[in-house]
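Residue-level listing of the chains:
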Amino acid sequence: MSTIALVDVNNFYVSAERVFNPKLEGVPVVVLSNNDGCVVARSAEVKALDVPMGEPWFKLKDLARKHGIVALSSNYALYADMSNRVMTVLRDFSPRQEVYSIDESFLDMEGMPGDPTQTARTIRFRIRKWVGVPVCVGLASTKTLAKLANHCAKKGLAGADGVCNFETMTPTEIDDILSRIEIREVWGIGRKLNEQLQSGGIHTVRQLRDFDVSRLRSRFGVVMERTVRELRGQSCLDLVDVSPAKQQIISSRSFGRYVTDLEELEQAVSSYMSRAAEKLRRQNSVAQSAFVYLQTNHHKEGEPQYSPGMTVSLRRPTNDTRELLEAVLAGLHRIYKGGFRYIKAGVMLSEIAPAGIRQGDLFADQPTAPNISNLMKTIDQINLKMGNGVLKLASDGIEQGWQMKTGNRSPAYTTRWSELAVAI
Amino acid sequence: MSSNPASNSTLHQHPWQPGGTGATRNIPLFAHAVPAGFPSPADDYVEDVLDLNKLLIQNKPATFFLRVKGDSMINAGIHDGDIIVVDRSLEPVDRSVVVAVVDNELTIKRLIRRSGIAELHAENPKYQPIRLKEGQELTIWGVVTGSVHSVM
Chain A
1 MSTIALVDVN
11 NFYVSAERVF
21 NPKLEGVPVV
31 VLSNNDGCVV
41 ARSAEVKALD
51 VPMGEPWFKL
61 KDLARKHGIV
71 ALSSNYALYA
81 DMSNRVMTVL
91 RDFSPRQEVY
101 SIDESFLDME
111 GMPGDPTQTA
121 RTIRFRIRKW
131 VGVPVCVGLA
141 STKTLAKLAN
151 HCAKKGLAGA
161 DGVCNFETMT
171 PTEIDDILSR
181 IEIREVWGIG
191 RKLNEQLQSG
201 GIHTVRQLRD
211 FDVSRLRSRF
221 GVVMERTVRE
231 LRGQSCLDLV
241 DVSPAKQQII
251 SSRSFGRYVT
261 DLEELEQAVS
271 SYMSRAAEKL
281 RRQNSVAQSA
291 FVYLQTNHHK
301 EGEPQYSPGM
311 TVSLRRPTND
321 TRELLEAVLA
331 GLHRIYKGGF
341 RYIKAGVMLS
351 EIAPAGIRQG
361 DLFADQPTAP
371 NISNLMKTID
381 QINLKMGNGV
391 LKLASDGIEQ
401 GWQMKTGNRS
411 PAYTTRWSEL
421 AVAI
Chain B
1001 MSSNPASNST
1011 LHQHPWQPGG
1021 TGATRNIPLF
1031 AHAVPAGFPS
1041 PADDYVEDVL
1051 DLNKLLIQNK
1061 PATFFLRVKG
1071 DSMINAGIHD
1081 GDIIVVDRSL
1091 EPVDRSVVVA
1101 VVDNELTIKR
1111 LIRRSGIAEL
1121 HAENPKYQPI
1131 RLKEGQELTI
1141 WGVVTGSVHS
1151 VM
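From first to last, the protein sequence lines are chains A and B.
For the first sequence, counting from 1, position 226 maps to 226 in the working numbering; every step adds exactly one.
Position in the second sequence (first residue = 1) + 1000 = the working numbering.
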């Protein structure tokens, strides 16, 4: 039986900030979402104040003043770089790695030398020392159990050293620990399933594990069956080693303020489209369908609401920013209505296929001139070298008043020469 | 749902076309293309191009660049505004140049570690050594392995 490790960075965004700003150590810190709207990361000190994830910042201002909570805007350039470093270090511990999210990775420890618990401790030590962030490691025979073991490691349910290995525990110990964990902590049990299971009398992970599988399957389907089998130690989910090319590319942002003007919306949508097209070209794919949408602020009472969206099909799959742009701009013109205050816009590319395997179209124009893809490549390269958005199509707009608010973003310590951390 | 209503917009028209050469293609260039002839004697000596990244960075995920502020390390050849290369994976030893955390700030100094004493020394007589008080723990952030100094 194989041993799966799930390595997860504790309070990742906050921990990444603390590496370069020791003043944040021991202080309550939150990181806010785009536009400084909601809490997306909390330090342990903030969790101790019972601040929930996703709490809007304006609701926290009093508490923040009282406890001196430091609020930072999200610094995704920093988090992405630190995440890469963590994932690179982990690769040394097993060639079979599934990067599950920005701060989580599965490792298949089967056949790797040494005792897995000891290796997990080395992983913890090395990432703390090399990259600077704390991680917890859960070890078990399946991915679903490894996630739970990680939860136990984090909450100190199985010792305080940040490592929990279900494989070395007795069945009684496992029963005991699983009867102390609520089912909502189980991978794949969302809010709705949680409610349904609770009303059916299933509250703890142990109850779920020991419930009749066929009844669960007929009620909730095969995914639930798989979850329960995984809880029993029967591996049903393989590691996905290679991150497959994305099947959808989404680029969207909340604006820093209300936007009513079509021209400003055009700029925003163009800018998101450019970014999405860049991602598309980076994975060497083409898309045949583009979705554009607008949103008003539905958190605000009394605000006239209008949140339209529209899919535009392209005549042939493409990754040319200009072709994609004219499609989404045409869509935008169709859905736009004046008199509403929009707070968010976005584009989504779908029907994505590898570039090169293109279906010819009897009615489409001849393929665009060969210099187009070179033009796009050049734009991408210049933007990569000189900083994002140095070169753009004129429709992106020059003055981007709608750009997101990042009032208290820390420097891009690791990705911009002009913003390096300072040593005195 | 709609087909692309803007399909005939000017964005699709290209007034300039390359002179009928078709798509450009990158063709690998070989140093010699004479398999039947005499092999180039230089072929055995093909080396990598020199890459400053490889010179400066031994352990990429553990290496960070920081900017130096001030003249406390001037006699070690590290100037105000220089970029230092810091490897967090290395173990500091006596006389290592390190970045340490002192009073919640990152500071670059020379580590003096002898017979149970750890001190941080500036390389500039203007500054006093930093001695740790009783019970105070020294946090080494990383070991400095190089610096980049611009002469422009």
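FYI, nobody ran anything at the bench for these hints, they're computed from the structure.
Glycine included, every Cβ here is placed at the ideal spot set by N, Cα and C.
Do not rely on the hints blindly, as some may be mistaken.
[Unchecked claim] Restricting the straight-line Cα-Cα distance to at most 20 Å, the calculated cross-link-like pairs of lysine to aspartate or glutamate (EDC-like) are: (1) A:Lys155 / A:Glu185; (2) A:Lys154 / A:Glu104; (3) A:Lys129 / B:Asp1087; (4) A:Lys23 / B:Glu1137; (5) A:Lys129 / A:Asp62; (6) A:Lys129 / B:Glu1123; (7) A:Lys66 / A:Glu25; (8) A:Lys129 / B:Asp1051; (9) A:Lys279 / A:Asp238; (10) A:Lys61 / B:Glu1119; (11) B:Lys1126 / B:Glu1091; (12) A:Lys129 / A:Glu110; (13) A:Lys47 / A:Asp62; (14) B:Lys1054 / A:Glu25; (15) A:Lys23 / B:Glu1091; (16) A:Lys23 / A:Glu104; (17) A:Lys344 / A:Glu419; (18) A:Lys129 / B:Asp1071; (19) A:Lys344 / A:Glu225; (20) B:Lys1054 / B:Asp1071; (21) B:Lys1060 / A:Asp81; (22) A:Lys129 / A:Asp92; (23) A:Lys344 / A:Asp161; (24) A:Lys337 / A:Asp320; (25) A:Lys66 / A:Asp50; (26) A:Lys155 / A:Glu104; (27) A:Lys279 / A:Glu419; (28) B:Lys1060 / A:Glu25; (29) B:Lys1069 / A:Glu104; (30) A:Lys155 / A:Glu45; (31) A:Lys337 / A:Glu419; (32) A:Lys61 / A:Asp81; (33) A:Lys129 / A:Glu167.
[To be verified] With the Cβ distance kept under 10 Å, some of the chain A side facing chain B (calculated, not the full set): (34) Phe20; (35) Leu24; (36) Val86; (37) Ala423.
[Said to hold, decoys possible] Not the full set, but computed from the structure, chain A residues with beta-carbon under 7 Å of chain B: (38) Pro22; (39) Lys23; (40) Val27.
Does the structure break any of the earlier hints, and which numbers would those be? 5, 6, 8, 9, 10, 11, 12, 14, 15, 16, 17, 18, 19, 20, 23, 24, 27, 28, 29, 31, 32, 33, 40
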